[in-house]
Amino acid sequence: MIKIYTLDSLDTDFGTFLLREDESVQLLIPKNLINVQLHEGDIVKIIKTKENYKITLLQDETEYATEKVSSLLDKLRNK
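Each residue of the sequence shown is one higher than the one before, starting from 1 at the first, in the numbering used here.
Everything labelled a hint here was simulated from the structure, so no lab data went into it. Some clues are possibly wrong.
[As the list claims (entries may be wrong)] Capping the alpha-carbon separation at 27 Å, the derived lysine-lysine pairs in DSS-like fashion look like this:
| hint | residue 1 | residue 2 |
| --- | --- | --- |
| 1 | Lys3 | Lys50 |
| 2 | Lys50 | Lys68 |
| 3 | Lys45 | Lys3 |
| 4 | Lys54 | Lys31 |
| 5 | Lys79 | Lys3 |
| 6 | Lys31 | Lys3 |
| 7 | Lys50 | Lys31 |
| 8 | Lys31 | Lys48 |
| 9 | Lys68 | Lys45 |
| 10 | Lys31 | Lys45 |
| 11 | Lys54 | Lys3 |
| 12 | Lys3 | Lys48 |
[As the list claims (entries may be wrong)] Pair by pair, the computed Cβ-Cβ distance ranges are:
| hint | residue 1 | residue 2 | range |
| --- | --- | --- | --- |
| 13 | Glu67 | Lys3 | 18 to 26 Å |
| 14 | Lys50 | Ser71 | 39 to 47 Å |
| 15 | Asp13 | Ser70 | 29 to 37 Å |
| 16 | Leu28 | Lys50 | 13 to 21 Å |
| 17 | Arg77 | Lys50 | 46 to 54 Å |
| 18 | Leu19 | Gln59 | 16 to 24 Å |
| 19 | Ile47 | Glu23 | 16 to 24 Å |
| 20 | Glu63 | Asn35 | 18 to 26 Å |
| 21 | Ala65 | Leu28 | 44 to 52 Å |
Ideal placement from N, C-alpha and C gives every residue a C-beta, glycine not left out.
Input sequences plus hints: build the corresponding full structure.
Structure below.
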């Protein structure tokens, strides 16, 4: 099953991903199984296979979310 997550944190051992549709749902993936370079806040598609995870960075969605947050912060600063 394909699900969309946001990378919440990346420490020395695990990546913590939050399900986009319900951020109370977390997925912990051992760092050695993360096959792409990621940064906190990146939006990814994750497919669970028998032994592994296929993680794909969703660059357009990440950029859109970053711009949206930046715009909201600018509005708050200018009030």
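Handout entry: 18 to 26 Å as the expected CB spacing between Asn35 and Glu63, which holds or is violated
Key = Check passed, 21 Å falls within 18 to 26 Å.
Practice task
Sort out whether Lys48 lies within 27 Å of Lys3, counting only the CA atoms.
Solution key: Holds: Lys3 and Lys48 sit about 9 Å apart, inside 27 Å.
Practice task
For Asp13 and Ser70, compare the CB-CB distance with the range 29 to 37 Å and indicate the outcome.
Solution key: Holds - the Cβ-Cβ distance for Asp13 and Ser70, about 30 Å, lies within 29 to 37 Å.
Handout entry: Pairwise hint evaluation, Lys31 against Lys54, where the allowed Cα distance is 27 Å at most
Key = Satisfied, since the Cα-Cα distance of roughly 13 Å is no more than 27 Å.
Problem - Restraint status (C-alpha distance of Lys68 to Lys45 at most 27 Å) - result: With a Cα-Cα distance of about 20 Å, the restraint between Lys68 and Lys45 holds, given a limit of 27 Å.
Exercise for the section: Below or equal to 27 Å on CA atoms is what counts here, so check Lys3 against Lys50. Expected result: Answer holds: Lys3 to Lys50 is near 16 Å, not above 27 Å.
Problem - Given hint Lys3 paired with Lys79 - CA-CA distance at most 27 Å - result: violated (37 Å)
Problem - 44 to 52 Å as the expected CB spacing between Leu28 and Ala65, which holds or is violated - result: Hint violated: Cβ distance 22 Å, outside 44 to 52 Å.
Handout entry: Distance restraint between Lys50 and Lys31, which requires alpha-carbon spacing of 27 Å or less
Key = holds (17 Å)
Handout entry: Lys31 paired with Lys48 [C-alpha distance capped at 27 Å]
Key = This hinted pair holds, its Cα atoms lying about 15 Å apart.
Practice task
Measure nothing beyond the straight line between the CA atoms of Lys31 and Lys3; if it is 27 Å or shorter, mark the hint as holding.
Solution key: holds (19 Å)
Practice task
Take a look at whether the Cβ-Cβ distance between Glu67 and Lys3 falls inside 18 to 26 Å.
Solution key: holds (23 Å)
Hints 2, 5, 21, counting from the list given before, are not met by this structure.
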